[in-house]
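Asks: Turn these sequences into a full structure, and let the hints guide you.
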Amino acid sequence: MSGTYLGMPSFPRAAAAATRDGTLRGNLRHATHTIRDKRARAVAELADWPRLRAAAAAIKERTLRHLDHYLVQTEAAVTAAGGTVHWAADAAEANRIVTRLVRATGETEVLKVKSMTTQEIGLNEALGRAGITACETDLAELIVQLGEDRPSHILVPAIHRNRAEIRDIFRARMADWGRPAPDGLGDNPTELAEAARLHLREKFLRAKVAISGANFMVAETGTLVVVESEGNGRMCLTLPETLISVVGIEKVVPTWRDLGVFLQLLPRSSTAERMNPYTSMWTGTAETAETAETAETAETAAEARAAAEARAAAEARPGARAGTRTGTETRAEAGARAGGADGPRAFHLVLLDNGRTDTLADTVGRQALRCIRCSACLNVCPVYERAGGHAYGSPYPGPIGAILTPQLRGTESELDASLPFASSLCGACYEVCPVAIDIPEVLVHLRERVAEGGIVTRGGKKAVIRPARGHAAERAAMRAARWTLDHPAALRTAQRIASRTRRLHPRRLPGPGRAWTGTRALPEVPPESFRDWWARTRGQGSPE
Amino acid sequence: MRVALFVTCVNDTLFPRTGRAVVRLLERLGVEVDFPPAQTCCGQPQYNSGYRHQAEPLVRRHAAAFDGYDHVVTPSASCAAMVRDNHPRIGARAAAEGRGRALADAAAASLPRTYELTEFLVDVLGVTDVGAYYPHTVTYHPTCHGLRVLGLGDRPRRLLEHVGGLVLRELEGAEECCGFGGTFAVRNAAVSAAMGADKARRIRATGAGAVCMVDNSCLMHIGGTLARLGSPVRPVHIAEILASTEEDVR
Chain B
1 MSGTYLGMPS FPRAAAAATR DGTLRGNLRH ATHTIRDKRA RAVAELADWP RLRAAAAAIK
61 ERTLRHLDHY LVQTEAAVTA AGGTVHWAAD AAEANRIVTR LVRATGETEV LKVKSMTTQE
121 IGLNEALGRA GITACETDLA ELIVQLGEDR PSHILVPAIH RNRAEIRDIF RARMADWGRP
181 APDGLGDNPT ELAEAARLHL REKFLRAKVA ISGANFMVAE TGTLVVVESE GNGRMCLTLP
241 ETLISVVGIE KVVPTWRDLG VFLQLLPRSS TAERMNPYTS MWTGTAETAE TAETAETAET
301 AAEARAAAEA RAAAEARPGA RAGTRTGTET RAEAGARAGG ADGPRAFHLV LLDNGRTDTL
361 ADTVGRQALR CIRCSACLNV CPVYERAGGH AYGSPYPGPI GAILTPQLRG TESELDASLP
421 FASSLCGACY EVCPVAIDIP EVLVHLRERV AEGGIVTRGG KKAVIRPARG HAAERAAMRA
481 ARWTLDHPAA LRTAQRIASR TRRLHPRRLP GPGRAWTGTR ALPEVPPESF RDWWARTRGQ
541 GSPE
Chain U
1 MRVALFVTCV NDTLFPRTGR AVVRLLERLG VEVDFPPAQT CCGQPQYNSG YRHQAEPLVR
61 RHAAAFDGYD HVVTPSASCA AMVRDNHPRI GARAAAEGRG RALADAAAAS LPRTYELTEF
121 LVDVLGVTDV GAYYPHTVTY HPTCHGLRVL GLGDRPRRLL EHVGGLVLRE LEGAEECCGF
181 GGTFAVRNAA VSAAMGADKA RRIRATGAGA VCMVDNSCLM HIGGTLARLG SPVRPVHIAE
241 ILASTEEDVR
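Order-wise, the sequence lines are chains B and U. According to the UniProt record's numbering, the first sequence is numbered sequentially starting from 1. According to the UniProt record's numbering, the second sequence is numbered sequentially starting from 1.
I should point out that these hints are in silico values taken from the structure, not numbers from a laboratory. Among the clues, some could well be false.
[Claimed, not checked] Here are the simulated distance ranges between beta carbons:
1. B:T363 x U:E32: 25 to 31 Å
2. B:R538 x U:R169: 23 to 29 Å
3. U:L111 x B:I497: 32 to 38 Å
4. B:G453 x U:D67: 29 to 35 Å
5. U:V127 x B:R41: 32 to 38 Å
6. U:R169 x B:R496: 24 to 30 Å
This structure is a prediction, so every number in the text was calculated from the model and none was measured. Here a beta-carbon is modelled for each residue, glycine too, at the ideal position from N, C-alpha and C.
Replies: Structure representation (structure tokens):
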């Protein structure tokens, strides 16, 4: 994943710092509780929610089992519709491909549709190193980018910021990226949204290249799908000539009928809406830019037309690009014959592995690949609420991040090894997950990998990993406890020693015990264990 | 009906009052209770901390200790959840690793006979009024494993509502984890403490004199937090409330 997260402290240390930040805790608490309550009401409206959830889990499981087949089908369909498919084994390869594709257009500024996958590979930073500026267009991502910050939530990347903080960021930084913030910008949501709107509109009308991810890929037609609330993604998907979509290989669904299941689950789970305001779909390429045929707001459509007209008036393309266009048109014609190409002029799909195939090889852990990035698990997680998204050290925070990141990245670093332990296993995440990922099960499974080591798949090969450092004392304690617990007489002796010395027990403990007694009183050891009471009162013999 | 008490290692060692209350309650309801002394621990600390292989002998021991009983009753939702949810999983993993079906079969045998106390009272004995008397204001914290893994639902509340003299107070954010989570409390001490402090604050806001749970491990964490804050709210296991009678009060 992204190099920007390298060298972050382990989860416990980062989380401890976050718990001391009262503003952060207040912001997170307010936002997560608001959205979780709304989600619960939206889900309760559907009588068949449990069946939809089971169907979604089953579709994803079946698709993952035959992922090779559906990916090849997707590639064929996208190619037939005039798009070009690239395969990227890891982040570096994906970044190289995207950089090359952008360079070929001659552009030095690209627009971004909000995308977790491009954050995972650190695309903006890679493009920056190649002299290409990537501008985020999602409102919250814009706030994060202007603030030189990191996203801390999947759906609401700036969830950790309040209105006053956002106003300050806009005032201080917008001018560096384009149109400055209006004079005297206040902190009410309407003013802030208008400032972002004006700032972004300039970019939409100028952009020649856009980069997106996708929420879903429909294998049977090679159609990509982005769902969003603001319409800024729609602007990027319709106005620029070239669209490059970086999509994780797990995003494929076999058919449109399958897609229908997820389009019901995702909005209710993520934004508590019955349907998301914008659903954009594109298949391959088309001869003209103004092609989106899905339901647009009148305003967006008008803007799309205006931009296309403006661009047509200024039409004078370099020869190199004309060559590309000719080739594209040939494929587009083939795509149209195949039945429905409606994408931009040039479309590139970069299919990203980056640890996904290795994750798929693990029969317990692979269920993390079902995730549709709705973020419902974040909003109900009491640990996320206190720790904040940054503590998880990857674009995927919260419970899903705690199981996805150590699988995609491995558990070699201290941070990644600490993630499976960043949960009290309360199970609230599993309860809300619309694709029924048993997150506690995977957490425990990954804890085993860290604590005991074992066999994993890395880079397509089986590898034996050793237990992570720092677990030796715990391992010894677990072994000793297990031995005692496997010998009732030893347990009884230990209980009796504890009972006899009960007056001597300190109120505060040193070492690892200090973490307990810092904020909590220890329970007093009783004078007699239950076992001894039973034997004494019921007169039954030895415990063996 | 042969009923075995699975008291759990935490209750055995630190909260024997709870085990004694279960015995008193069940015997009052006409149930003959046995305590198989070969029992120790269900292996939950090992398993949840990532030491699945260390948990295996404890799964085997547990199944052997409770072999032959019609029902196994435990005053711990998380230990019942461990036996019902994770013992079969541990058995299946051992089989998948080519170590035979013995552990899986043992785990499967004890699974359908294991009940958390309130489940046993409501589902097996079919009682919600156990003849208890507890003249205090009480709030109820549904522990995570009882709530989400076992699906105890309103069973504990129905039992509490029938207790003479008891006034039940609503707890805000009742379904939110208290932050114990076994080794989580030590490994992620700051987050655990923050969760515990919020839970303690809400418990105090109910004005109840006692907070009741179906799990002493959560109770240890919440009770320890309340005590350190100097709160007079008393943590109490539901078994101790249900075992109380008018004679106890006098």
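Asks: Hint by hint, say whether it matches the structure.
Replies: Verification of the hints:
no.	hint	in the structure
1	B:T363 x U:E32: 25 to 31 Å	violated, 44 Å
2	B:R538 x U:R169: 23 to 29 Å	violated, 37 Å
3	U:L111 x B:I497: 32 to 38 Å	holds, 34 Å
4	B:G453 x U:D67: 29 to 35 Å	holds, 33 Å
5	U:V127 x B:R41: 32 to 38 Å	holds, 36 Å
6	U:R169 x B:R496: 24 to 30 Å	violated, 39 Å
When the structure is compared with the earlier hints, violations turn up for hints 1, 2 and 6 and for no others.
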